[in-house]
Structure formats: structure tokens, C-alpha cells
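Participant: Take a look at the letters that make up each chain.
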Amino acid sequence: MSMDYREYILDHYRNPRNYGKLERPDAHAEDSNPLCGDQLAIDLQIEGDQVTEVRFQGRGCAISQAAASMLSEMIEGKPVEEVVLLGKDDVLDALGIPISPARTKCAFLSLRVLHRSLALAGLEKPREEEDEEE
Amino acid sequence: METLAVALILIVRQHMTTVQQPATRSAEDIRKDFPILSRQVHGKPLVYLDSTASSQKPLAVIEAMSAYYETTHANVHRGVYEISEEATAKMERARVKVARFINARQSKQVIFTRNTTESINLVAYSWGNANIKAGDLIVLTEMEHHSNLVPWQLLAQRTGARLEFVSLTDDGMLRLDVYEQLLRQQPKLVAFTHMSNVLGSINPAREMIAQAHTVGALTLLDAAQSVPHMPVDVQALDVDFLCFSSHKMLGPTGIGVLYGKRDLLEAMPPFMGGGDMIRTVGLRESTWNDLPWKFEAGTPAIAEAIGLGAAVDYLNALGMDNTRQHEQTITTYAMEQLRQVPGLTIYGPDASQRGGVVSFTLGDIHPHDLASILDQEVGVAIRAGHHCAQPLMERFGLSATARASFYVYTIESDVDTLVKGLHKALEIFNL
Numbered sequence: 001m002s003m004d005y006r007e008y009i010l011d012h013y014r015n016p017r018n019y020g021k022l023e024r025p026d027a028h029a030e031d032s033n034p035l036c037g038d039q040l041a042i043d044l045q046i047e048g049d050q051v052t053e054v055r056f057q058g059r060g061c062a063i064s065q066a067a068a069s070m071l072s073e074m075i076e077g078k079p080v081e082e083v084v085l086l087g088k089d090d091v092l093d094a095l096g097i098p099i100s101p102a103r104t105k106c107a108f109l110s111l112r113v114l115h116r117s118l119a120l121a122g123l124e125k126p127r128e129e130e131d132e133e134e
Numbered sequence: 001m002e003t004l005a006v007a008l009i010l011i012v013r014q015h016m017t018t019v020q021q022p023a024t025r026s027a028e029d030i031r032k033d034f035p036i037l038s039r040q041v042h043g044k045p046l047v048y049l050d051s052t053a054s055s056q057k058p059l060a061v062i063e064a065m066s067a068y069y070e071t072t073h074a075n076v077h078r079g080v081y082e083i084s085e086e087a088t089a090k091m092e093r094a095r096v097k098v099a100r101f102i103n104a105r106q107s108k109q110v111i112f113t114r115n116t117t118e119s120i121n122l123v124a125y126s127w128g129n130a131n132i133k134a135g136d137l138i139v140l141t142e143m144e145h146h147s148n149l150v151p152w153q154l155l156a157q158r159t160g161a162r163l164e165f166v167s168l169t170d171d172g173m174l175r176l177d178v179y180e181q182l183l184r185q186q187p188k189l190v191a192f193t194h195m196s197n198v199l200g201s202i203n204p205a206r207e208m209i210a211q212a213h214t215v216g217a218l219t220l221l222d223a224a225q226s227v228p229h230m231p232v233d234v235q236a237l238d239v240d241f242l243c244f245s246s247h248k249m250l251g252p253t254g255i256g257v258l259y260g261k262r263d264l265l266e267a268m269p270p271f272m273g274g275g276d277m278i279r280t281v282g283l284r285e286s287t288w289n290d291l292p293w294k295f296e297a298g299t300p301a302i303a304e305a306i307g308l309g310a311a312v313d314y315l316n317a318l319g320m321d322n323t324r325q326h327e328q329t330i331t332t333y334a335m336e337q338l339r340q341v342p343g344l345t346i347y348g349p350d351a352s353q354r355g356g357v358v359s360f361t362l363g364d365i366h367p368h369d370l371a372s373i374l375d376q377e378v379g380v381a382i383r384a385g386h387h388c389a390q391p392l393m394e395r396f397g398l399s400a401t402a403r404a405s406f407y408v409y410t411i412e413s414d415v416d417t418l419v420k421g422l423h424k425a426l427e428i429f430n431l
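Chains D and Z, in that order, give the protein sequences. Everything in the first sequence is counted per my numbering, starting at 1 for the first residue and increasing by one. Everything in the second sequence is counted per my numbering, starting at 1 for the first residue and increasing by one.
I should point out that these hints are in silico values taken from the structure, not numbers from a laboratory. It is possible that part of the hints are untrue.
[Claimed, not checked] Lysine to any residue pairs mimicking SDA-like chemistry, simulated, CA-CA at most 25 Å apart:
no. : chain 1 : residue 1 : chain 2 : residue 2
1   : D       : K105      : Z       : Q390
2   : Z       : K420      : D       : M3
3   : Z       : K424      : D       : A102
4   : D       : K105      : Z       : K97
5   : Z       : K108      : Z       : T299
6   : Z       : K424      : D       : R6
7   : Z       : K420      : D       : A102
8   : Z       : K424      : D       : K21
9   : Z       : K97       : Z       : N289
10  : D       : K21       : Z       : K44
11  : Z       : K420      : D       : K88
12  : Z       : K420      : D       : D4
13  : D       : K105      : Z       : G379
14  : Z       : K44       : D       : T104
15  : Z       : K420      : D       : R103
16  : Z       : K420      : D       : I97
17  : Z       : K424      : D       : S100
18  : Z       : K44       : D       : A102
19  : Z       : K424      : D       : P101
20  : D       : K88       : Z       : K44
[Stated by the list, open to error] Pairwise CB distance ranges, derived in the manner of DEER restraints:
no. : chain 1 : residue 1 : chain 2 : residue 2 : range
21  : D       : K125      : Z       : E28       : 54 to 64 Å
22  : D       : K88       : Z       : H42       : 39 to 49 Å
23  : Z       : H42       : D       : L85       : 33 to 43 Å
24  : D       : G96       : Z       : A67       : 28 to 38 Å
25  : Z       : Q235      : D       : P98       : 27 to 37 Å
Even for Gly, the Cβ is constructed at its ideal location relative to N, Cα and C.
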């Protein structure tokens, strides 16, 4: 499977959207990928049933950081009930390139942290870590 | 009779000291012995530059193992029937080969473990629990692989021992002045790597071990990166414990070695209990088998031991001086070529002070992206990440590097393909 670093991925990598953190987030989580040391933290501000603001901070490869940046754009302004339903396919669609098996952990790091933040805030059920599917 | 024996020993010794280095074989020729090097990845010939993580295997090793399974397999040290005796003899012959390879006085000083990590853990539990008390000092270095850090952290947690670390110079060598200061605090143990798996730095093990001994400290050398790549002589080093893995020296995975001085090993309690490591067993207590089996509980990795023995034969035929020389030549070439790539930074000392390992970064391209691009575009396999040495990475303010590493089968054109791939990565990242 050939991965293809498109311009927009490099743009999100070099100019990440919603980069930073919130003073008093309503939801927060962070995690790292123990294999490669990629790190990611997500802050959410939630008003009523809407995600009104998103900030993320992290360091890692173009795939993990671009995925986080794109995910932050996807969820800002969305109802919590929609954000809860976001899954791996949504991230893959946003990235728009094939992701080799060795790099799926990079692509899905931000998604995992997002759901963990919602679970910690009591907005969704904690998820069992899925087995890696090939 | 005695005079005859002495004369024989003298002849053998003389022969051993005058033994010639084997004729040099070219890496091009050596490659033919490694079936995997003729495969393709992404439609391109595989260029394997990750031997520091694990080496590839010559046909001689693969065939030794399959021949064992096809003709000889049975459990060892138990059976009275022919194939069990043959299996035992083959396995114990492998132990003798390994002992000679590192110049151990006796083969019983070679204990088979799973890998370097298990060898270090064995010492940390068995020797450590019996000898380390609250407040005792263990000296390590900032360039250790996690496998030579975490077992000592666990020991310190169990016992209340203190850990101190030899810091590094900016070019990735140990600060020997700091080491000397730490020795004044009279550590019980000094454990350090012979060669950094990230920077390739070769540490002056012989001098450091001698210095440790003057203050009464024991020494453990993590030789996972040195035994495969250069001559290592445990008696010349006077090291107390030496640990290494088969899979990094052309042998199979699943087997490693702990070498120890005999009096230390004799005095140590067992690490794991079970079959093979006992002399007598009662319901409430047991007595232990002799060395080395005292530390080899359960059915061992028999085929793997035989494979390791075949790897030692193979390396002996190449000559370890030749191996070291070849890697120095290819590393010097690689560093010259890599320095010409715009935006590339190499970490660690110059080629004369390092083994066949080069860690680098390229512009703002994350090493993982670099590794993906090299794999897909030119079929080059390198390692990317923290290389199981997070404290070392932090020392240099890095979260990850790309690492290319070389072995007996690496040729200049492998390096050229790597450089070609790096230019491709620069293009993809608009640099």
C-alpha cells in the first residue's frame, strides 16, 4: 500500500488548525503512542450539547498531527451526540490517502484521545481498546 | 603424562595466538548467503538497514536449525535414547562455541537466556536481590537502552538502592570525568552499554571496568551491540557480567546469553524455578543443579541454541576484525554521503568512535514519515522512533530520530539507495 503525502496533509502538519490548549476545558485527555513516542492532548469546550471550541497539542509524524488537526476542524461546532459517533472511517476519509498497517496507530491517535476525553467528562461510555485490525 | 599434557596445552595456546584472520570476503559475496536479501518490497529490491534492531540470517543458520528438527529433535538433558543424547550434545556444543567466541574460560559460564533483556533481569533479580541493600549505589549511563535501565529501576524500588547516571558529551560519548566522580561514591555495581544502539558510540569498556574494580564495584556490560560487530574478549575486559542476544548476530530470535564470572554465578540464587535447574526436589525444598543449568529452568530453546552456534561459526569464518573493519568503512562512507543531503543532521561521534549505526533527522520531516517514504519509494528499511532509549533522546532534545545501521552484508549501493530516498523525501515535503 503506497501512502501519498498530499499537499493538504503537509499543510495541516505544518500549520495545524486549533493548535494550543484551553484555560478551563470541559473535557480533556492525552495519550502517547508507546511505540513511537507520538504525543497528543485534546481540550474541548462544551456548551449545552455542542462542542464549541477545540484545541489540541502534540508532537509526532505528519499523519498523526494532520489527523488531529483535521479532526479538530470536524468536531468544532458539532453536537456532542454526533462527535460521539465519529469513528476510524471518518478519520480515513478526511486523510483521503491509504494508510499502511504500520501507520494506523498514528492516524487514529487523536480519535482515541478525543473519545477518551468525552468518556472522562462522562459524555460517552468508555470504549474497550479494539484489537488492531488488518 | 603430565608433561605431555602441558606440552599439548602450549601447542594449542601457540596455535590460538598465531591463528590468522580469515581471508576477507567481500560484502557482495557475503550477501549471497542471506536468502532474504534477494526479496523485493513494494516491487523494489529490499535494502535492509536495520540490523541494529535485528540482523538477517545466513542459510547456514537456517539450515542448522531445520536439520536439527528434521533429524535430531528430542528433549535435552533427560533422555537416555540416542536422539536425546544427540540433541543434548548439539546444544552443549553450541554453548562451547559461544564460550570460545567471547573467550570465556569455561563453557559453564555461558548461560542461555531468551535475550539480552532477560540476561540483565536475571542479574538484577538473582544477584541484585541478594546483594543490594537500601542506600547502595548503582551507576548507569544516560545512553542506556531501556533494557539496561528498567531492571535496575525495579531493583531500586525493591531495595531502596540509588541510581546515578554518567552524563554525555555533546557528541554522544560518556563523560568519563563524571564517571570518575561517581566511582568515588563507591557504587556496588556499574552497568553500561558497550556500544550505543542509537549513536553507535563505543565506550572504553576495558578502562571503565578496571576503574570500577579499584573501588570494589562489579560490572555488567550490555554487549547486545558489540558482540555481533567486533571482537569481544571477556577475560581481557575482566568484566563480571556480559549480556547479548543471538538475533542481532545472525542467529535466531528467542535465545540470548549471560556470561558471568564463575564465583559470582556459583554464589547467586536461581532466577526461575522448574525442571532442569534442580538437583533434588522435595515437597518443601530443593537443591540446585550445577552451572549453567541452575539458571536454565524448563525446556530450553534447543534449536535456537544450535542456530546460535551456527551463527558463531559463520562469524568466525568471516573474522570479527574483518567485520569491524568492513562496518567502519561503510559507516565512514555513509556519513560522508549523508552529510551532503541538505538539512540533514547526524547525531553522535565521528566514524572512528562508533559502530555501524547512524542516527539522523532531516529538516522538519518526522522520522516516521521518513521511514514510510524510504520503504515505499526505494525499498529501504530503517528504524524510526526513540529506539528504546528515551532518556538519551531527551538529552539531545529529540523525540525521535531515523536510524540506519549496517552489518556484514551492507554494501555502498545500499547507502546510495538510502540517499536517493532521502532526496525523494525532501521533494515530497517540498524542502
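Participant: Among all the numbered hints in the text so far, which are the ones the structure does not match?
Facilitator: The structure breaks hints 4, 8, 10, 11, 20, 22, 24 and 25; every other hint is satisfied.
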